[in-house]
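Each chain, letter by letter, is given below.
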Amino acid sequence: MIQALYAIAAALMLGLSAAGGAIGDGMVLSKYVEGVSRQPEARGQILGSAFIGVGIVEGIPVIALALGLVLLLGKGGGL
Amino acid sequence: MIAFPYLFPNSLFKINIVTIVMIFVAGLVALFLLRLATSRLDMRHPKGWQNVVEWSMEFTRTMVGDIVPSERFISWIMPLSFTVLIFIFVANWLGLIATVSIHLSQPIPWLGITSSALKASNGEVALFDSPTANLSMTLGLSVMVWLISHYQGWHRPKQYFKAYLNPIHVLEEITNPLTHGMRLYGNIFAGEVLIGAILTMPVLFHFVPTGLPLLIVWLLYSGFVASVQAYVFAVLMVLYIGMKSYHMGGGH
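Sequence lines, in order, name chains A and B.
My numbering numbers the first residue of the first sequence as 1 and each following residue consecutively.
My numbering numbers the first residue of the second sequence as 80 and each following residue consecutively.
FYI, nobody ran anything at the bench for these hints, they're computed from the structure.
Careful, some of the hints might be misleading.
Said to hold, decoys possible - A partial selection of chain A residues facing chain B, derived with a Cβ cut-off under 8 Å: (1) V28; (2) Y32; (3) V33; (4) A50; (5) G55; (6) I56; (7) L65.
As the list claims (entries may be wrong) - Derived DEER-like restraints, expressed as beta-carbon distance ranges: (8) A:A42 to B:E137: 15 to 23 Å; (9) A:S30 to B:L291: 29 to 37 Å; (10) A:I2 to B:E137: 26 to 34 Å; (11) B:H124 to A:I23: 13 to 21 Å.
As the structure is a computational prediction, the values presented were derived from the model and not from experiment.
For each residue, glycine too, the CB sits at the ideal point set by N, CA and C.
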């Protein structure tokens with residue numbers, strides 16, 4: 001019973017954060033494409049900023065992934 | 080979950096020996112790589128490794144200059160930001176290049192390797208691991224950044240306290256260091272655990288490794304993540320400190 005609850009908690013955490021992270025990544029990269037099409041010569045500069053943005057947005061789902069792995073593999077006692 | 084040997088395992092301040100040793104190993108590797116660049120200094124015709132290190136210093140300088148365009152702040156934070164960038168880059172890559180673990184059948188209670196911890200890890204005990212795959216280490220780094228940013232803010236008390244009229248900034252004092260450290264930890268830890276999970280995939284007929292294509296793809300992605308996260312950590316550190324360095328031309 002408790003095991004199943006931990007599995008459900010990890011699945012919910014990962015699924016919701018993946019959905020949010022996907023929306024955030026999509027927004028960052030769509031703005032990147034918009035910026036490049038408007039100013040193709042600034043591609044390198046915008047790419048650097050876009051990667052920072054992706055790295056920051058990806059942070060939240062990855063935090064959820066790490067905590068989910070700790071929940072699943074450590075059976076709740078891993079933290 | 081892989082088991083780790085601890086000092087003082089039964090007290091509140093248990094110390095992960097592997098992480099402490101790996102911090103020093105990462106520092107020594109970074110020191111060796113940078114000393115290698117200065118061993119044959121050539122001002123007129125720089126070549127090879129010296130060029131790479133000079134390029135990375137230039138890269139750090141433009142990275143800081145894009146965030147806080149003030150010469151005084153740039154020259155003040157350059158040593159710290161370059162050190163953090165190189166150290167975290169080396170630390171992230173150490174865990175990708177090699178992770179070493181031994182198989183123990185007997186628990187060692189005075190090192191914190193209890194029988195229940197061995198059972199949860201199938202007897203695996205880590206010996207060589209990425210130091211940034213440990214939550215205490217990355218949160219320690221982010222708290223250090225937080226302390227430096229407040230020290231910088233106290234040089235101009237009026238502007239420092241004026242920023243807190245906006246309640247969002249009070250909340251940010253908690254969430255910024257927390258996500259700053261957790262982001263690095265999450266990326267590196269999740270990468271290493273998934274590498275470990277892929278390595279346990281079955282080998283068909285004793286010679287067809289089913290996980291090999293998956294492992295190559297994930298290693299490439301982990302290498303990208305390790306580099307980007309070192310950069311993101313340094314950028315956010317400069318941003319958080321620069322936001323409070325009013326007397327050096329920073330500020331919101």
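So, going through the hints one by one against the coordinates:
| no. | hint | result |
| --- | --- | --- |
| 1 | V28 | violated (13 Å) |
| 2 | Y32 | violated (15 Å) |
| 3 | V33 | violated (19 Å) |
| 4 | A50 | violated (11 Å) |
| 5 | G55 | holds (4 Å) |
| 6 | I56 | holds (6 Å) |
| 7 | L65 | holds (4 Å) |
| 8 | A:A42 to B:E137: 15 to 23 Å | holds (19 Å) |
| 9 | A:S30 to B:L291: 29 to 37 Å | holds (35 Å) |
| 10 | A:I2 to B:E137: 26 to 34 Å | violated (55 Å) |
| 11 | B:H124 to A:I23: 13 to 21 Å | violated (51 Å) |
Taken one by one, the earlier hints fail for this structure at numbers 1, 2, 3, 4, 10 and 11, listed in ascending order.
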